[in-house]
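Asker: With chain F held as given, fit chain S onto it using these hints.
Here the protein sequences line up with chains F and S, keeping their order.
Just add 278 to the spot in the first sequence (first one is 1) and you have the numbering used here.
Just add 16 to the spot in the second sequence (first one is 1) and you have the numbering used here.
Everything labelled a hint here was simulated from the structure, so no lab data went into it.
Derived, one-sided and incomplete: chain S residues facing chain F with beta-carbon distance under 8 Å:
hint, residue
1, Ser-49
2, Gly-58
3, Gln-64
4, Gly-72
5, Leu-106
6, Val-119
7, Leu-120
8, Gly-125
Straight-line C-alpha distance at most 16 Å; calculated EDC-like pairs for lysine to aspartate or glutamate:
hint, chain 1, residue 1, chain 2, residue 2
9, F, Lys-387, F, Asp-360
10, F, Lys-375, F, Glu-281
11, F, Lys-357, F, Asp-317
12, F, Lys-375, S, Glu-70
13, F, Lys-387, F, Glu-293
14, F, Lys-375, S, Glu-69
Some residues of chain S that are not near chain F, with every Cβ distance over 12 Å (derived):
hint, residue
15, Pro-24
16, Ile-28
17, Lys-29
18, Gly-44
19, Leu-83
20, Asn-87
21, Glu-91
22, Asp-101
The structure presented is a predicted model; accordingly, all values stated were derived computationally and were not measured.
Glycine included, C-beta positions come from ideal geometry on N, C-alpha and C.
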Amino acid sequence: RKEVEQDPGPFNVPEGATVAFNCTYSNSASQSFFWYRQDCRKEPKLLMSVYSSGNEDGRFTAQLNRASQYISLLIRDSKLSDSATYLCVGTLSNTGKLIFGQGTTLQVKP
Amino acid sequence: ETGVTQSPTHLIKTRGQQVTLRCSSQSGHNTVSWYQQALGQGPQFIFQYYREEENGRGNFPPRFSGLQFPNYSSELNVNALELDDSALYLCASSFLGSSGANVLTFGAGSRLTVL
Chain F
279 RKEVEQDPGP FNVPEGATVA FNCTYSNSAS QSFFWYRQDC RKEPKLLMSV
329 YSSGNEDGRF TAQLNRASQY ISLLIRDSKL SDSATYLCVG TLSNTGKLIF
379 GQGTTLQVKP
Chain S
17 ETGVTQSPTH LIKTRGQQVT LRCSSQSGHN TVSWYQQALG QGPQFIFQYY
67 REEENGRGNF PPRFSGLQFP NYSSELNVNA LELDDSALYL CASSFLGSSG
117 ANVLTFGAGS RLTVL
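This is chain F alone, in the form it adopts within the complex (with noise of 0.2 Å):
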């Protein structure tokens, strides 16, 4: 079983739509996690942190479940140019190390 893992889609949705991501992990050592974006042929950059309490970056919702090893990415509104692929991450600790789930490719279209 992968350390992470994500529905790899693609998602298609219409501009407009709110779209929902999922991702789970099987480690309970894991101490941070992050959502990334990575757009085609580019280097992965940071979206947000995913604190416990949730957190909001405005159209962008994180979500941590600690006790289902849970975690989730809401985009409300997508935009054409929120297609891309979204890596769920976690960290076993504080030393750089990122554990990648495979990612999950989300297409907006007009």
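Answerer: Same frame as chain F, but now just chain S:
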């Protein structure tokens, strides 16, 4: 503030050859991590270097080796290349201090094709 730079951006090798990939860390960062990203997969942790020593390693064979230099730049060396080594190799730097590491900054990657 300069970001993370990697070279070369693309290269083609044949099975059995050796390759060296280079990475310059972001200014102010002291730690470099290397990741391998195969097509359609998430990046996989290879190893991390801190203070010129390996500081953690993923599930990669010994033919994957690295170096970190006093200026915090780094190299990834892969010997006896195999077809499955074809991937995007990502370097990421961060600052590791007494309170832990800050967020990683990734370079644009080196895309290796093994024929």
